[in-house]
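Hey, can you work out the whole structure from these sequences and the hints?
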Amino acid sequence: MLLGPALGVSAILFSIGVLGVLIRRNAIIIFMCVELMLNAVNLSFVALAQQLGTDGQVFVFFVMTVAAAEAAVGFAIIIAIYRHKETLDLQNLNLLRG
Amino acid sequence: MLEAVFWANAGIAIVSALACITRRSPVASALWLIMTLFATAVMFVLLDAHFIAVLQVMVYSGAIMVLFLFVIMLLNLGDQSATDMKGWFGRVVGLALGVFVMVELWVITKVVPVDQIRLPAGELNRMTVDEGAIAPVAQVLYTTYLLPFLLTAILLLAAIAGAVVLAKREV
Amino acid sequence: MIWLAVLLPFLGFLVNGWLSFFRPDAKRAVSVIGVGVLVASFISALAGVVGLAGAVHDAPYIVHMWSWMPVGELQVDLAFQVDELSAVMLMVVTGVGALIHVFSVGYMREDRSYPRYFAYLNLFVFFMLVLILGANFPVLFIGWEGVGLCSYLLIGFWFDDEAKATAGKKAFIMNRIGDFGLLLAMFMIFRAVGSLDFLEVFDAAPAAFVTNGPEITLITLLLFLGCIGKSAQIPLYTWLPDAMAGPTPVSALIHAATMVTAGVYLIARTNILFAMAPVSGAVVALVGAVTALFAATIALKQWDIKKVLAYSTVSQLGFMFVAVGVGAYAAGIFHLVTHAFFKALLFLGAGSVIHVMHHAYHHTHSGEDAQDMRNMGGLRKFMPWTAAVMWVATLAIAGVPGLSGFFSKDQILAEAFARGQGAFLFYVIWALGAVAALLTAFYMTRLMLYTFHGPNRTGEAEAKQLHEAPWVMTGPLVVLAAGSALGGFLNLPHVLPGAGWLEHWLKPVTEGSVPYLSEAHLSAGLEWRLMGLATLIAAAGMIAAWYFLKPDRLGAAKAAPAEAGVQRVLLNNYYVDELYNTLIVRPTDWVSRKVLWRIIDMGAIDGAVVHGAAKVSRLLGWIGTRFQTGNLGTYVVLFVIGVLFVLSAVAG
Amino acid sequence: MSGFLASIGYGQWVLEAIMIVPLLGALIVMMGPSAQAKKIALGVALVEFVLSLGLWWAFDQGTALMQFEVYHEWIPAWGIAYHLGIDGISLFMVLLTTFMMPLTILGSWNYIKEREGPFYALMLVLTTGMLGVFVALDMFLFYVFWEIMLIPMYFIIGVWGGARRIYATIKFFVFTFFGSLLMLVAILVMYYVVGRETGEYSFSYRHLLNNTQYLGQWAFWLFGAFFLAFAIKVPMFPFHTWLPDAHVEAPTPGSVILAGILLKMGAYGFLRFAVPFFPHVALDPTVATIVVTLAVVGIIYGALVALVQPDFKKLIAYSSVSHLGFVMLGIWALTLQSIQGAIVIMINHGISTGALFFMAGMMYERRHTREIADFGGIARVVPAFAAVLTLVALSSIGLPGTNGFVGEFLVLIGSFSQYPVATAIATTGVIFAAMYILLALQRILFGKLDNPANKKMQDLSIRELFVLGPLVVCIVWIGLYPAPILRRVEVSAQALVTQVRGQLPVQAKAIPEEQQPLGKFGDDK
Amino acid sequence: MGMVVNLATPAGLFWGMLPEIVLTGWALALMLVAGWRHGGEEDQRFAGQLALAALVSTLFALWWLWAKDARPDGIALMIALDGFRYASSTIFLLGAIMTVMLSLGYVRRERIHTPEYYLLILFATIGMMVMSAAADLIVLFLGLEIMSICVYVLTGINRRSVFGAEAALKYFLLGAFASGFLIYGIALIYGATGTTNLTLIAVSITNLGLQSNGMLMAGIGLLIIGFAFKVGAVPFHMWTPDVYEGAPTPITAFMAAAVKAAAFAALMRIMVHSLGESIGTWQNAVWWLAVVTMLGGNLMALAQRRLKRMLAYSSIAHAGYLLTAVVSGTETGAAAYLFYAFAYTLVTLGAFGVLAVVGRNGERDVRIDDLAGLAAKRPWLAFAMAVFMLSLLGFPGTAGFMAKWYVLMSAIEADQWKLGIILVLASVVSAGYYLPVVMEMYMNQPITEEAHQESVAVGAGRWVIGATAALLLLIGFFPGRLMDVSRSSSDDLKPSAAFTLNAPTGPDAGMASR
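Protein chains in written order, with this note's numbering: chain W, 1 to 98; chain D, 1 to 171; chain U, 1 to 652; chain X, 1 to 525; chain A, 1 to 514.
Some hints here could point you the wrong way.
What the hints assert, rightly or not - Calculated from the model, a selection of chain X residues having no Cβ within reach of chain U, i.e. all distances over 10 Å:
#1 10
#2 13
#3 17
#4 78
#5 132
#6 164
#7 283
#8 285
#9 384
#10 446
#11 452
#12 456
#13 470
#14 472
Unchecked claim - Calculated lysine-lysine pairs in the BS3-like style (CA-CA distance at most 27 Å, straight line):
#15 U/381 <-> U/464
#16 U/615 <-> U/594
#17 D/86 <-> W/85
#18 U/550 <-> U/464
#19 A/494 <-> X/113
#20 U/558 <-> U/464
#21 A/377 <-> U/615
#22 X/39 <-> X/113
#23 X/113 <-> U/558
#24 U/381 <-> U/558
#25 U/301 <-> U/558
#26 U/550 <-> U/301
#27 X/113 <-> U/27
#28 X/455 <-> X/113
#29 A/494 <-> A/68
#30 A/377 <-> X/39
#31 A/418 <-> A/494
#32 U/550 <-> U/381
#33 X/455 <-> U/27
#34 D/168 <-> W/85
#35 U/381 <-> U/301
#36 X/456 <-> X/113
No wet-lab data here; the hints were simulated from the structure.
Small disclaimer: the values here were computed from a predicted structure and weren't measured.
Think of the CB as a built atom: it goes at the ideal place given N, C-alpha and C, for glycine as much as any other residue.
Structure representation (structure tokens):
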């Protein structure tokens, strides 16, 4: 019933996440946008699960775990870079290029 | 009725998401993201995923987002006044691309699953009523998806090890 | 025996060549070997010819050495063919060659590369024999190009002088232009007949070709192109005057008596083909006549004694081509033989003059030109023998009755005149030849006057050094003088008793062409009248020279005023060399250097395509890495573009 | 002689032996002391030559079948085998290679002064690579050899070469690589097309050759790829620009090998592969017109550009373009005479141009310059050198009596019946050849000896005479008595002509079994 | 048929996952040891040796399974048991082993005294093995994440290096971003087919006629995007040079070889096994990706003077070649992948090994010119490097050629001859940057007398360089055995007809087979 709308909303949220990644420069906020994308995917899974069985919900569980793991590592990296550069603005992080 | 609630939450989720990606302050962004997550949790409930909705609130909004805020505060980014938005050019390009992605996704995901693989209507709701919110999920998770479940353990272990090694202060 | 005649000069070449590296001072051995092989070769050739004459033969005598290029249908053997025509040539080449070898012993005595000289000379004789004895076109071609090579080597014998080396090169290249025609002719003959053996080709020709058809005409014209190159006819004659850069005996042997007549020989050899292509025959005759006249005009105004003789040679070769062009093959060969005698004699005589002059100037370290007639004069006092024999030759070439040149030249003109009844063109040719004969008499007399008569202009000190050449040089002159005087009896006119011996002798070779030749018969009266006219012409030329030229008033070369007007044009050979330079040589060089090499090779292929591709690749790579800003924002933008791209590709 | 060879089973092991001996030699050279490297290498090359010389007698000139075959499974899953064999066309390429190698090693005796071990090892490896190209009967194997000998050559030019060696090597490499990779694609396409039609997937040369009729529409494109690979190697105009650079920068032995043998691979490729595989395309009027035009343009163009070269090696390089144009003309005319002529030119060019490069190297060793203008009049001081150079130059311009004439004459006379106009234009090449060669000769040997540095030039040493002597002998020998060579080539060349022409009238028709020039795959195994 | 494993039972799962379990056990042990002994150089070496032992024993476990020819009972659920898995896992393990061997010397020189370095390599290897073993998109996703997370950390593990940190951050952010696309793709495929099992996806597509289903197409597209990022295909390649440059050299090698190989293994399995029948939907997209990747990688590498970056771009180009094998969508393509991945792993490890030796401290700035005259000073090292470069170039006589040949074969077998031509043209371009390396080493003189004094390969690193070079040559001339293995390992990658025709489809399909 709500499958179509939910998938649509999911697509919109996903696109907003992509848009966020596109227009922001702060590493943390970009990371938040990625989380937003994952969340949108979760919505798709859940919506599909309503039609296809609980497998979809299990997938959400896994995605959340992945998000958590990514968060852990991501913050460690962010902290590491912050120690070196005192900034999280990606514009200033371009030692490696060419 | 249900649809109204769904649409209301969908609106909230979208607006909060937009706010999240446009607020200057990382803290505000994080809070708006939490808002989106909550609205999504409500939609989960409407889609018969009660247990996942709970997880959403607890793990996502609770744990992960707190971590975000924590790091923001730790790194003292909260009061950053200058925006980290890209310049107008970057924003225009970003917006254009984002819209394109949206259109493209919208166009090609309008299709719903074919009938042969769909459960009878209300099946999931019936299972929840019969077996409770957790059991149908757990049933699958611990049998069919035992292996992935175990893998998440390794995943988290690796993540912990990695986080530790990177975040350790001594060099 | 014939193979011995061929082999001996080659052995001489090998031995002399070896000596030139390891015993360059062994001049006596070189002389013995160099001359010896020639004499031996002459004797064995003579034996062969006598054998041939004595044999009852209905086919040429073929010597197969080995199979040279056996490829399917194409079967080329290294084989020699001895018949009447090659016998005549054999005698001329070995006989005159031997005399010139002897002369060379004296002439080159003081040269530091004496062994090398004889090696080349022997090699030349070898190739010349291969040329005239070859039983098929490719073997003939070995000799044909081989003599060109020797000519090249001998013209550039004193290679330290850039100009001499260049002259050799020019000779070779011009010859090659002719050889191009010869090669193509061979290809066409092979395509038509399937063989390159003379006998097979000539036997098959009547059936294989349509008389006067385009194919046979083209073949013969191409053959003639080869002859033009080798025999220095218009337009490829300019190398021959330059070839005078070589030692004078070489000029006598190669550039007068033997090699340059190879073209005449070739046409005589392939007479049946030319007979089947009357248009080509006419072309041959016309080119010959025009060349005869043209070269004669240039000879009028040359100061270099050898240049006069060179243009004279070109002119006389023109006469020979008139003969073979009109189908009078025997007459052509006849003139070839007589010309060999008197022109060799003239050259050798000039050689002794130059030898002596050079000696004199060398003695006083004067830089004067030893070959310029303006520096000579009155030499008969110093060199009576030379003067006497050269007068014999001059009278012969001028066509004084009784001497060899009279008979041979007259015969040619008569034959041309006879064909005039068939086509008016031949009257023109006859007329051209007659004028050329007049001029011949004039310029030869001029040469003799300026060289041997009048006061001596050599110089006070130098004159003391002038003397007669040694016997080793004058000896051959005397022999040749005898030949020049008596050679005419080989083929007396029809109106005289004992006429046409040579023509008769050559009958087996030329009879195949008879059916194709138009009947040309002169009445005895007309023939007598033509002979009278020829005598008149010769007399007129000589008397005119005697009358107009004043050797007494001539100054030495360094004091000579610049020529002007027509004289200058003549002196400079009508500026033909300059014309060729401007029209062909320099444009070729320019196109090769600027267009082909710089623009096409380095510019278009290498520059535009090869380096262009490399540069474009690098540029594209560079552009690609410009996106690699190090800034994550850029990466995300490209990422999303990629997303759109992939999704479109999947959807579409 | 052949009885003796038969008694030692020569035919069975000769190909194996000549392929392996240089490799073993290379190993020994690498292991041994550097000072002895050249001696060992020379010994190995001589052994190799002697080994291969038996082919002259053991070769059966009465058959067009492959002889001395060697067959080992290599990658059976794909129908790839180590399959070698010799016919009349490859026989002389093999002999030329083994003949040139000892001379080349001897010729580099003093030229190579550093890193001798690797150099001579590479030369020996190169030998195997080149031989492999000429004897491979498996397309995959052929391709591997074809490419692999680039490497030794690449190092020889790049390490021991002149000042612009890096540029030259990369140009050489990339040109060749470009063509050969397209050929690789073509080989694979053939493999699949033929495999699908016949059910037998194999890279065997015979298998592919016997089934070319299945290639259909593919043939055109496949031919194009083969053509490009071979045309670059030959090199044909306008793919030739790598050659002058490679030649000029290469050390003497490199130039000799490059001119003497490597260029032959392109022509050999046409003879062995491109033309027999795709007869319809090769003899298609349009294609033939283009190829013949390029060949003729190459003849004239190479000669004209050679005319204005200030650098002697460059001049020789461009003259190669000209000479190989004759080869291409001969191949495309596809008559018995022209094919045989093309093969003879290939041999001749190896000998004559090899000798020219040797002499250019000798000049360079003495004077450290290759500029023609730096010489002049040296015939006075180095008469023996001058004599040999003159002879070689004359051979190069095809003076009758030298080897050069035999090849050019046969090609031209054979081609004339097919392409009279093109042949006529090509024949003018003999004029231009005379022009550039004589001009060079004149500038180098003749004229005033005005450069004091030239006055001290040494004449040929005994060693150099040993290098040039065999070449001079060959020049005269092939010039006067090429019949033994022609007879050995004849049957194979005839088979090629028959096979290719035989396919022409009827499209896509299987050749009857008994007419097939080559035995069927694996018959004798 | 060998050993039959019922994956629905715990015992079956145990046997089926034996290599991964062995490795996990070792990883846990290493973790304990690391907690106990960490800090010094000695401890670090011990950890390395432990990791080596772990990987080698895992390899034997894997080979045991392979020798037993273990096969699933019915449809492979969650994990596949087939030759493709064994072969590809072998490649990752070999890659990991060589990485550890290279690291032994490297970490000492760079003073990276964190035993987690090896631990993370082990975990990443587990992730890779899971990826290649995955018979379910979720398992695949988790394997990919395990691997990715470890590699993110490994990139930045040298905490003194700001380059490492920056590289890690870029890699992480883009990686997470790409993961979002991947999981979204999985979601859509799940939505379209009702399953995440690779075999059942194929079944669903065939039985339900989903070939032109919009959701499936979108899912495939997003999946391709996710993988394209992991393999570094243009235009998702932007991270590659930066990360390769910033990461410690052995880790760069590990990423270039094993990580890429793992992503391709998973991609190949999905494309051939699940989506082989619906090739029309994705072939076009991958075709274009392959083209732009081959050309882009090669062209951009041409512009590089820094060796490490050049190799990074070259790895992009090689990803393009491998995508060519994917385009064919056949088992030959999969076999080609196996061969290629093996050869490429060898060559990458070898080349980066040389780079690590030549580089010394701060190796990110090694320029091609710095290799000048290496051959004169260090002939064997230069020889090995020359072999690597020629192998990368795909020159006959090296394994690289055979690999490229195999890829070409797969493309042409699938009538993708245009792609074949583009591939060879791109290879020609690549000569423009591989050859200069050889030239510098052999044809130029060293810049200074002292150059290359310290460039000495020691210990295990020397063995890696030597062994890879030798193997590359060996395979170059005798590829038959390896080709047979590649072929036999992938000839059952397509789902057998029995499954596609008879298996039930529908919501209960998964349960029914359970």
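So, going through the hints one by one against the coordinates:
no., hint, result
1, 10, "holds (27 Å)"
2, 13, "holds (32 Å)"
3, 17, "holds (32 Å)"
4, 78, "holds (32 Å)"
5, 132, "holds (29 Å)"
6, 164, "holds (13 Å)"
7, 283, "holds (19 Å)"
8, 285, "holds (20 Å)"
9, 384, "violated (6 Å)"
10, 446, "violated (4 Å)"
11, 452, "holds (15 Å)"
12, 456, "holds (17 Å)"
13, 470, "holds (19 Å)"
14, 472, "holds (13 Å)"
15, U/381 <-> U/464, "holds (12 Å)"
16, U/615 <-> U/594, "holds (24 Å)"
17, D/86 <-> W/85, "holds (20 Å)"
18, U/550 <-> U/464, "holds (24 Å)"
19, A/494 <-> X/113, "violated (60 Å)"
20, U/558 <-> U/464, "holds (20 Å)"
21, A/377 <-> U/615, "violated (33 Å)"
22, X/39 <-> X/113, "holds (14 Å)"
23, X/113 <-> U/558, "violated (58 Å)"
24, U/381 <-> U/558, "holds (23 Å)"
25, U/301 <-> U/558, "holds (17 Å)"
26, U/550 <-> U/301, "holds (14 Å)"
27, X/113 <-> U/27, "violated (43 Å)"
28, X/455 <-> X/113, "holds (25 Å)"
29, A/494 <-> A/68, "holds (21 Å)"
30, A/377 <-> X/39, "holds (25 Å)"
31, A/418 <-> A/494, "holds (25 Å)"
32, U/550 <-> U/381, "holds (18 Å)"
33, X/455 <-> U/27, "holds (25 Å)"
34, D/168 <-> W/85, "holds (17 Å)"
35, U/381 <-> U/301, "holds (25 Å)"
36, X/456 <-> X/113, "holds (22 Å)"
Checked against the numbered hints above, the structure breaks hints 9, 10, 19, 21, 23, 27 and satisfies the rest.
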